[in-house]
Structure formats: C-alpha cells, structure tokens
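Please put together the full structure from these sequences, using the hints given.
Just so you know, the sequences run in chain order D and X.
If you count the first sequence from 1, position 32 lands on 32 in the numbering used here, and the numbers rise without skipping.
Take the position in the second sequence, starting the count at 1, then add 1000; the result is the number in the numbering used here.
Lysine-lysine pairs mimicking DSSO-like chemistry, simulated, CA-CA at most 27 Å apart:
{"id": "1", "chain 1": "X", "residue 1": "K1311", "chain 2": "D", "residue 2": "K111"}
{"id": "2", "chain 1": "D", "residue 1": "K206", "chain 2": "X", "residue 2": "K1311"}
{"id": "3", "chain 1": "D", "residue 1": "K111", "chain 2": "X", "residue 2": "K1256"}
{"id": "4", "chain 1": "X", "residue 1": "K1017", "chain 2": "X", "residue 2": "K1045"}
{"id": "5", "chain 1": "D", "residue 1": "K169", "chain 2": "X", "residue 2": "K1311"}
{"id": "6", "chain 1": "D", "residue 1": "K258", "chain 2": "X", "residue 2": "K1121"}
{"id": "7", "chain 1": "X", "residue 1": "K1318", "chain 2": "D", "residue 2": "K111"}
{"id": "8", "chain 1": "D", "residue 1": "K111", "chain 2": "X", "residue 2": "K1239"}
{"id": "9", "chain 1": "D", "residue 1": "K111", "chain 2": "X", "residue 2": "K1235"}
{"id": "10", "chain 1": "D", "residue 1": "K111", "chain 2": "X", "residue 2": "K1319"}
{"id": "11", "chain 1": "D", "residue 1": "K169", "chain 2": "X", "residue 2": "K1319"}
Hints in this document: simulated from the structure, not taken from any laboratory.
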Amino acid sequence: MKKVRPMLHVFRNKPKYATVRTNKASQDTAEINSSHSGQTGDPQWTRCDNCSSLIYNKELYKNHFVCHHCGFYFRMSALERLQLLVDENTFQPAEPLVSVNPLDFPGYPDKIAQCQNLTQLDDAILIGEAKIEGYSCVLGIIDFGFIGGSMGSVVGEQITRGFEYGIAKQLPVVVVSGGGGGARMQEGIFSLMQMAKTAQAVGRFKQAGLFYLSVLTHPTMGGIYASFASLGDIILAEPKALIGFAGPRIVAETTRQKIPPDFQTAEYALRHGMIDGIVIRSEMKATIGKLLSLHL
Amino acid sequence: MPTIFEWEKPLVELEEKIQELRNFVYEQGIDFKDELNDLERKADKLRKEIYERLTPWQRVRMARHPDRPTTLDYIKLIFDDFFELHGDRRFGDDQAVVGGIAVLDGEPVTVIGPQKGRDTKENIVRNFGLPHPEGYRKALRLMQQAERFRRPIITLIDVVGAYPGIEAEQRGQGLVIAECIEQMSFLEVPIICIITGEGGSGGALAIGVGDRILMLEHAWYSVISPEMCATILWKDVNKAADAAELLRLTSTDLLKFGIIDDVVTEPIGGAHRDHEGTGRQIKAFLRRHLSEIRKVPTDELVRFRLERFRKIGEYQTKKLSETQVEL
Chain D
1 MKKVRPMLHV FRNKPKYATV RTNKASQDTA EINSSHSGQT GDPQWTRCDN
51 CSSLIYNKEL YKNHFVCHHC GFYFRMSALE RLQLLVDENT FQPAEPLVSV
101 NPLDFPGYPD KIAQCQNLTQ LDDAILIGEA KIEGYSCVLG IIDFGFIGGS
151 MGSVVGEQIT RGFEYGIAKQ LPVVVVSGGG GGARMQEGIF SLMQMAKTAQ
201 AVGRFKQAGL FYLSVLTHPT MGGIYASFAS LGDIILAEPK ALIGFAGPRI
251 VAETTRQKIP PDFQTAEYAL RHGMIDGIVI RSEMKATIGK LLSLHL
Chain X
1001 MPTIFEWEKP LVELEEKIQE LRNFVYEQGI DFKDELNDLE RKADKLRKEI
1051 YERLTPWQRV RMARHPDRPT TLDYIKLIFD DFFELHGDRR FGDDQAVVGG
1101 IAVLDGEPVT VIGPQKGRDT KENIVRNFGL PHPEGYRKAL RLMQQAERFR
1151 RPIITLIDVV GAYPGIEAEQ RGQGLVIAEC IEQMSFLEVP IICIITGEGG
1201 SGGALAIGVG DRILMLEHAW YSVISPEMCA TILWKDVNKA ADAAELLRLT
1251 STDLLKFGII DDVVTEPIGG AHRDHEGTGR QIKAFLRRHL SEIRKVPTDE
1301 LVRFRLERFR KIGEYQTKKL SETQVEL
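In structure tokens, the structure reads:
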C-alpha cells in the first residue's frame, strides 16, 4: 500500500542533507500517514482503535490524530509530530546517520530498509535545531514506527550529538520519546551502551547549566526510559502514554499479580511522582514554548 | 548432588574412573602408574576439548551454574575484611543488592553487587537476585559515600535484570537505573566493574559504568537475555541457545568489540569447580587494573571514562549521493 503524507511546512531552506524525504506526489493531499492503526481500506477514513467510530482523515489530521468521538490518541510519526510542534520553516535536521549491522544479526539490514521506506527516516529518530513558539532549541523525536522506536547506535549517537550541539550553541534540548522496544535488540551490547552514552550526555548538558525537557509519548519503556528519557529537568507526558521500565506483560508473567487497570500510564506515573505533568496534544506546543520561555 | 552439564558427562565419567583406579591402587598396592598416566592425559585432552569449545549457550549456562560463587562468596574470597552497609535511606533495604566497605591489600574500597541466593529459602529473601529500585538507590548511596572518602569502587555484577514488578515500577525502576548510570559516570574515584556471572541489560549497566570493565571467562553480558530474545524472535523460549549465538554476549565477543578491557580466565571447568582459584584470579586482575587507574589524576579519570563510552556505537554517516532531496 502506498504511503501518503501531509505537507510539511517546517523545514528551513532546503537542507544540504535531507534526513527526510517526502513523496512529491502526495504533497497536495491531506491524507494521513497510513502507518496508523485503524485502516479501513479507504484512504479517506480511519477507524478508531478505541471506540471503532469512523473518522474522516482530514478531521483526524486537524485534530492532531486524536479521535474526536472518544479522545483516543493515535500514535504520531516523527514527521507529524515535527509539524505539530515546530514553527514554520525553522527545522534544520542534523547530519543523517544510518545503522550498520555490528552483530551480523540476521534480517536486521532488511528490517532497517523496510522501516526507512515506511517512515521516510534514516533511523528511529528525527533530530535537529528548531524554533518552538519562537524559541530556539534542539528537538529530537523518536518514531515508534521504526523498529518500535528502539535505540541502537544511531539513535544513541544522534541524541548524544543533540546534547553536545545544545552545549556548543547554549540551546535547550527537547526530546519527544516514544519507544516501546527500549534498547534495540539487534545491536546487542552496542544498544545497551547507548544508554550510558546518552545518560552521560544529559549529565554533561546539565553541568553546562542548560535546560532539558523530556516529553514522553506512548509508549516510552525499557532502555529509552531508563536512560535519557527519565533524566529531564522537567518531564511531561501525553495522556494515557505507557511509561515504565518493564513491559506490562513481563510484569504480569513475573509477578503473577493482578495488574492495576491504569498501571504504567502517564496518570499512574504522575500519581507516583515520576513525571511533572500531563499535557494534551493540542496544548503541547504552547506548553513547550512556555517552559522554554521560562529557561532563557 | 552437584549439577553436571550434559557436555561434561564424558569428562566426569573419566574422572570417576581415574579415582576408582587410584582407590584400587591404594587398597591393593598394585602398580598401575602407566595406565593412570594414560588416563590423566586423556582427561586433560578431554577437558581442553570440552571447555575451549563451549558454545555461547553453554557459557550462559556455566554463568548460571548453581554452585558458581555468588557476590558474597567473591567478597570473602577476594577481600581481607568486609563491613556490610544496609539501606537506601529512602524506602528500605533490598537484600538483592549487597554492599559495604572491604579491604584490599590494606586499603579500604567500596564493594557493591547484586546477590543471588544459594537455595530456595535464601532466594526468596534475595528475590532471586533481582533488585528493586531501593537496591539501586543503596548502590548509588554507597558509591557517593565512596567518593566522599576517596575510596575506589568495585562492582561485582551477576544479575539477570532489574526486577519487573508492580512496586518496582511504582518506585521508579527505570528512573533509578538512569540515575545510577548518570551519577556513576561522574564520580571522582576509580571504578572497576567485574561481570562475574550474568550481565542482564539495564539492571547490570546500572552498576556497570567504570574505568575498567572486566568479565569472567564464562560470564555473559547483553542487552537482553537469550530467553527473551528467543521469545521475541521465534516466540519460542526453547530456542534460547540460538539466540545466545546471535547476541554475541560472551567475554570473547565483548573483548573483541572493545566493550570490556580484560577477560578473567576461570579455572578449567569453570568458577564453580574451584572457588578459591577463581577468587585468586579475580584478585590478581583487580590489583593490576586498580594500580593502573590509581595513577590517573582524578579529573582525567572522569574525562577518560566519559570518552570511553562516548566512542561506543557502530553507524555510518549517510553519503550525500544516497540522499534524496525531495522536499
């Protein structure tokens, strides 16, 4: 099935390197990225995963991929998220990096190629310098559609470089996380070590006296949560986003206990003191802008 | 009854035969010297054949051998004295992590490590060596204390992973691992991490950031356990042996990758066959590496530590010609 994307008005200039490729043919349509769940077979309509209502795609897009019947949050791709958060013509992507296959893990290069095709990204992260509500920052966005938004060497390196760039330019860093897989299995020990590398980058960034805002979207788990994502000076989350270390299934299987109904949701994390606040999608940009304005 | 792996059986049988013959010689006074020498040579050859060709999965199983020394065993074997310290001063005392002040060659050091139990009863107390957040907070407290008193830190790592439980999640398992990793990275004292058995993902890395990272010969260290990997790939936990191959988790692999600095060779047959020998071996490696990093000035120590991790990662810069600019 052909992927179609909305127009992107967030890039400043034509970048020398393009981390992002969009399909020219689809630029004049407002049909949404079909990597979303709830496909109906008709490119104009999406079925809500939660309430099963049919949603007109233009409507869904206008509503930032939130079901206007029941308030269900569809996952957003990194590109859609970028468009939601960034001021027009201000995003300058970082130098693109691509994965290699350090363990010779079977099927990994194919999986990468497949995900590159599907997400139009080089790896599970989109990162660069941007303006949000007029405030300059480094913005990184993890894309769940790329091997579950997992962190291998490329994501680890890009996050690290992002913080280093922030130090060099004295800019705040905003990272929107959303990785269910955590550290990427196919890169084995190299993925695990990215947790150390990124946590250290955050540490150096904080020592430089700069502001790091971590935004958690559904789902932020495992090695991503247990490294840079939980180390924000301020941590925000989207409603109902799954946040935690071990996946709920593993917890259920290990403990054989009854799992609380809202276990590991943003609301649960807020109640247990793990995050600063929950922000609805339509207010996320303004909220980030406000927090950036308070840390000039 | 000691655990004997199937691949060890021919050797164990031969060793038993040699012992029988020895007893026979002793009881009967008959000279079987040539036969005995012959059998000993055969046993040596067999030992080499078996233990030098262990598959990754066999090594994982060695790392989990029930008779393998635990962290407290190693502490007793390596150090002259040990004063255990308890509690995270926030919530409780996690028995799955032990730590305290030990003495190495007359010098105090801080030693920390996850602790597995020897039997079911102890394993219940120790939660099978799976730490809760308070275990990691205790570790972090002891590490910060070590920095205050300029004591080197030695972590002994043998952990399948951080405990995946409801309360562990409530109390911020992910956050505390991230905090441990971050804080440990900047401590201005020498840190040596030794993976003695299992190095299971974030739960191991949380106490695994150091100036030297050593690994016992038959230990494993990876982002995921072979069982979990097999479940994800093939939905079949019985294929863990295949997953162990793919993950490149042995000390041999990790030395080649430059992730660890040195492999502590184990007595032939593995640490469980000779606790004292293993302890002596670790102590020798520890002395050597500690004396090396003690020479590094404090401010450089942290810089080198950060540089070490900064360099890790395998990727390529995307070539311009491959880039399609179509915006």
